[in-house]
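Residue numbers (the working numbering), protein chains in the order written: chain A, 4 to 330; chain B, 4 to 330.
Everything labelled a hint here was simulated from the structure, so no lab data went into it.
Fair warning: there could be bad hints in the mix.
Identical copies go unnamed one by one, so any copy, or any two together, can satisfy a pair.
When the alpha-carbon atoms are kept at most 25 Å apart in a straight line, the in silico SDA-like pairs for lysine to any residue are as follows [what the hints assert, rightly or not]:
id, residue 1, residue 2
1, K5, A257
2, K5, D57
3, K5, R323
As a plain string of letters, each chain reads:
Number of protein chains: 2
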Amino acid sequence: MKLAEIGEFGFIARVRQRAESCADLVLGIGDDCAASRPAPGELLLTSTDLLIEDVHFRRAWSDPRTLGRKSVSVNVSDVAAMGGKPASLYLGLGIPGGVAVEDLDAFADGVLEACAEYGAVLAGGDTCRSPGPWFISVTVQGRVPEGELLTRQGARPGDLLWVSGRLGDSALALRELLAGGRPAPALAARHLDPSARVALGRALAVQGLATAMIDVSDGLLADLGHILDSSVVGARVERDALPLSSLFRDALTAEPALLDLALAGGEDYELLFTSPPQCAAAVAALAADGVPVTQIGRILPQEDGLLLVDALGRPCPLPRRGFDHFS
Amino acid sequence: MKLAEIGEFGFIARVRQRAESCADLVLGIGDDCAASRPAPGELLLTSTDLLIEDVHFRRAWSDPRTLGRKSVSVNVSDVAAMGGKPASLYLGLGIPGGVAVEDLDAFADGVLEACAEYGAVLAGGDTCRSPGPWFISVTVQGRVPEGELLTRQGARPGDLLWVSGRLGDSALALRELLAGGRPAPALAARHLDPSARVALGRALAVQGLATAMIDVSDGLLADLGHILDSSVVGARVERDALPLSSLFRDALTAEPALLDLALAGGEDYELLFTSPPQCAAAVAALAADGVPVTQIGRILPQEDGLLLVDALGRPCPLPRRGFDHFS
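Next comes chain A alone, as it looks inside the complex (with noise of 0.2 Å):
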């Protein structure tokens, strides 16, 4: 079936029939505006994503369920990498006339699941043609008590640095993609159906155990330096400490500059922290569910800059760091 077939507003309502409430929404989906009603002494957080087709994804490589789903995630992740928890979502489509209505509600189905498994709801949107490729738009609001709020802003001298999960798998996954591969399934899902370190981050912030925090979409380095601007400080990174899964050892062995896409390959969507050298038994006994939590350096005074150093703590050469959509 064609979308002509039922129309913009024909598969807003199959959406707003499919889309859970909550007690903190007042209304959702069908009016002007969503409205909700704010928890007391809970900031309120917000966060957009765009992903555009061709960009950020390819429709050859991702069935419209998955790529809901990781609309959702890569959103949702902002929210944590802030200690908070997600609450609703917002998702503009602009999406091409012959797109068959299958597809589409494949895409909200991918969208609802994943908002279910985070605790969120779809609360509103927009959807378009679009005269070129597919544009999704995902707005998060999500909440964290006012004294819980982690920002990159706080990591001081002497903290470590800590990442959570595995890093690399998912710009491997998606190099084998570039090269017309088909990357083994586990390291594929990494790539295109990644999950938000939601509950890691609530740990962190409701314990007090970070100083600072930023999720690694940009690529490990590109976002630690995000956090040493706002904190004004400067970071040694080991490089025989990072996190890495036996699919991509396996490829680092046989290609050691692989190493790259760990350092700066971006979209791990694992949750990046500092934090005191004395809550470190506390932050290892966060590890769960097969995410380990990893320390994988820690940070110096401004004027010492980014070093990367080796098992015998000699500097090794930084690799070019993440990805500039224009430069």
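We have chain A already, so just place chain B on it with the hints.
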């Protein structure tokens, strides 16, 4: 100067420098999320809109600054339609790589200028390369005291039907632009640089004068249809009561069929609302700054449906309603 010279992060830094802050914004542009402090007793309003090049606008018709202004106004209009006041905006921007920095700066100027006019701040966003057209997503957050929320639901038989401003100017300007003409500046401005009726919406909410409200974006009859569906009522619209500008009346004299543009043209961004008859004098008194408030009909029981009548009360045929992106 080309965007590639300053890059994505250079552009964000330029916007961040110029964005204003406000008391409730704990954290604006520059972290993973914006963080703001909700006001006790107020509901949070949220709406998201897409503006896609060659679907919603053409670059040849509008300078970038005016496009930035319109992107804000159409989104803020949704908050006005709930009786609320806008607080913060989030901008997603997909732009072709070859765009000049001067054009992007002018676009950001327009966004920031319109935000300031509405008493709102730009609090976050995402900027990416688009392989196709300009793709703009705007999400607004606003506030309304809990008892003052105005929805599409609440119109009752016997209520009077009112609309602000003048209808059809925007659609008439668009028609002339599509035909390759140059509409009169006052007419063009109504399409390219519309105003959100925030002050009027707030006044209606504060004084408790409206029972249901919507903004006219899809066309008068289509948006009235949304009120009728949500409120489960019918309505009678008096054709000769529609508020028309002198420019529109001139065009209408030459071509009577143009009246359809006032009934179904869309993008008026006026407020359409219902109000009990005993409030009529108070509503009429809200006309201000050249924005009239005009009674154009009355709410009927649902079984009467939607009637358009002439000066003698005779039914007139209804034009095709509104715009569907896919039908």
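Comparing the hints with the structure gives:
Taking the closest pair of Cα atoms, K5 and A257 never come within 25 Å of each other, the shortest separation being 47 Å inside a single copy and 40 Å across copies. Taking CA atoms no more than 25 Å apart as the test, K5 paired with D57 passes in both settings, with 22 Å inside one copy and 22 Å between copies. In this assembly of identical chains, K5 and R323 lie within 25 Å of each other by CA distance solely across copies; the values are 22 Å between and 45 Å within a copy.
Going down the numbered hints, you'll see the structure goes against just number 1.
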